[in-house]
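The listed protein sequences correspond, in order, to chains F and C.
Under my numbering, think of the first position of the first sequence as 1040, with each following residue one higher.
Under my numbering, think of the first position of the second sequence as 1040, with each following residue one higher.
What the hints contain is simulated information worked out from the structure, not anything from laboratory work.
The beta-carbon is built from N, C-alpha and C at its ideal position, and this holds for glycine as well.
It is possible that some hints are incorrect.
Far from chain C, some chain F residues (derived; all Cβ distances over 10 Å) [what the hints assert, rightly or not]:
id : residue
1  : Arg1131
2  : Gly1187
3  : His1286
4  : Lys1288
5  : Val1311
Sample of chain C residues facing chain F (criterion: CB under 7 Å; computed from the structure) [stated by the list, open to error]:
id : residue
6  : Glu1061
7  : Pro1063
8  : Leu1070
9  : Phe1124
10 : Met1172
11 : Ala1190
12 : Trp1194
13 : Glu1197
14 : Leu1202
15 : Ala1204
16 : Leu1253
Protein chains: 2
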Amino acid sequence: MPLDQRIEDSLARALSLVAAPEAPPRLASALPYAIFPGGARIRPMILLSVARACGDDRPLVSDAAAAALELIHCASLAHDDLPAFDNADLRRGKASLHRAYGEPLAVLAGDSLIVLAFQTLSAVGMQAPDRVMQLITTLATRTGAAQGICAGQAWESEPQVDLRAYHRAKTGALFIAATQMGAIAAGHEAEPWEDLGTLIGEAFQVADDLKDALSPTDLAGKPMGQDAALDRPSAVRSMGIEGAQKHLKDILSGAIASIPQCPGEADLAKLVLGTARRIMDIPTAAARG
Amino acid sequence: MPLDQRIEDSLARALSLVAAPEAPPRLASALPYAIFPGGARIRPMILLSVARACGDDRPLVSDAAAAALELIHCASLAHDDLPAFDNADLRRGKASLHRAYGEPLAVLAGDSLIVLAFQTLSAVGMQAPDRVMQLITTLATRTGAAQGICAGQAWESEPQVDLRAYHRAKTGALFIAATQMGAIAAGHEAEPWEDLGTLIGEAFQVADDLKDALSPTDLAGKPMGQDAALDRPSAVRSMGIEGAQKHLKDILSGAIASIPQCPGEADLAKLVLGTARRIMDIPTAAARG
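Chain F with its partners taken away, still in its complex shape (with noise of 0.2 Å):
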């Protein structure tokens, strides 16, 4: 099955673990318009490019991991479009959750969906235990307080900003869960993966500064120069754009020469390249978030 067609049913099972005739309708309804339909669902689809370069030998696992994974990025962008942050009209082309349900469902289905990632990790437990274990613990631990997107978020409200923290955690987090937690799901070593999801993470965070300062319309719905109009640190903001753009290729030669030894390396190295020619293109509805 292509990956990409795991990741929506995977998505819909997780869906299937909160449904229930006692759920109130409107949050329930809120989940599936936070999930549905995705952006370009990059973070899951990396997840499974790696646990598919290292064997895939349990895609149940490897399938929830990138369902959990999704829904915590789906998570963040309700809470992140909240007045009190972006306070986004639009998100994925469509009023954005808090716009479409109001204030309070956007933040309990935020929370909500924070809690359906663990129970989609833990639900499949009993396949691999150890495993699951450990996603678990590197998906909080991607999603927290001290290193995790939470973080990067809370970067934005504290009066001194540490810029390789903040990028770090608020973009880098989930990219580095994304190649981690895919070998974990097939049994292999997480360390020697964290290397590629930070600079898969840099790679997006330089090539959003860029479309932020160059996109001439925005199809995604984000009003653009949001970086310079809500004075957020930004690569184009400190390099300018020829440098950022410079920076962005030295990234991604990093990144694919940072591919830990597994057996399927040279496929996963295509998809780096072919992520980052999404990344880097204008963006279209789609290819965001």
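Dock chain C against chain F, hints included.
Relative to chain F, chain C alone:
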């Protein structure tokens, strides 16, 4: 070691999982602010009491379960106090999290506490993988969008409220988690413990409704008469004060009768009565939350 000390120690151990030099400082200080000093720690106290009644043969697992449950409770307080929900200025006798740290960090601290709850459980995964996986599933179910506290809070955003589902999820869910997780942590079946949790939750809800209606002053800082002011469902509003008081006594008798056979059955009955006395008192800063 006394149970209350075990809970505080375990919460401190949980926090140490996100102590990192690269963590954003304000978020890092918002987490202990949301956790310490605690309220009565009723939920983890029930959890450890049930674990003890069942033999408590893996105390590190029970401790982690107790901390995880209290972290979820603290997260729910942080988010429920937000302007989009109760817009509370005070919590546990001091400024609510969003008043002290601002709304963005209150959202992110709540998110981080949810994540930390699951991380706290996975950190003891190797002690007893089967039990810990079941603890994660149970905690997720009682936190999430169908039957958990997220569902409970979401009922307040529904045009039509299913009162039974509302109370069972909003207040009952974490008490069911408390009794079931205590049993699971000690290697017992979860299912027979659901009724006890449900009934303690119902008692707590009715006591809270009574306190909301009766308290001459609210020492915990939550404005009194909120249920009527916010047009929220309440036992006092549907049964009157005397009716609600009689109902509370019936529920407590049922709770005692529901305790499954276990080595510490008698001690547990005493705990339920003791807890009931505490929650039926006029609230103090320490006894609330």
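Against the structure, the hints come out as follows:
{"no.": "1", "hint": "Arg1131", "result": "20 Å, holds"}
{"no.": "2", "hint": "Gly1187", "result": "7 Å, violated"}
{"no.": "3", "hint": "His1286", "result": "22 Å, holds"}
{"no.": "4", "hint": "Lys1288", "result": "27 Å, holds"}
{"no.": "5", "hint": "Val1311", "result": "26 Å, holds"}
{"no.": "6", "hint": "Glu1061", "result": "4 Å, holds"}
{"no.": "7", "hint": "Pro1063", "result": "4 Å, holds"}
{"no.": "8", "hint": "Leu1070", "result": "6 Å, holds"}
{"no.": "9", "hint": "Phe1124", "result": "6 Å, holds"}
{"no.": "10", "hint": "Met1172", "result": "4 Å, holds"}
{"no.": "11", "hint": "Ala1190", "result": "5 Å, holds"}
{"no.": "12", "hint": "Trp1194", "result": "5 Å, holds"}
{"no.": "13", "hint": "Glu1197", "result": "5 Å, holds"}
{"no.": "14", "hint": "Leu1202", "result": "12 Å, violated"}
{"no.": "15", "hint": "Ala1204", "result": "4 Å, holds"}
{"no.": "16", "hint": "Leu1253", "result": "28 Å, violated"}
When held up to the earlier numbered hints, the structure conflicts with 2, 14, 16 and fits the remainder.
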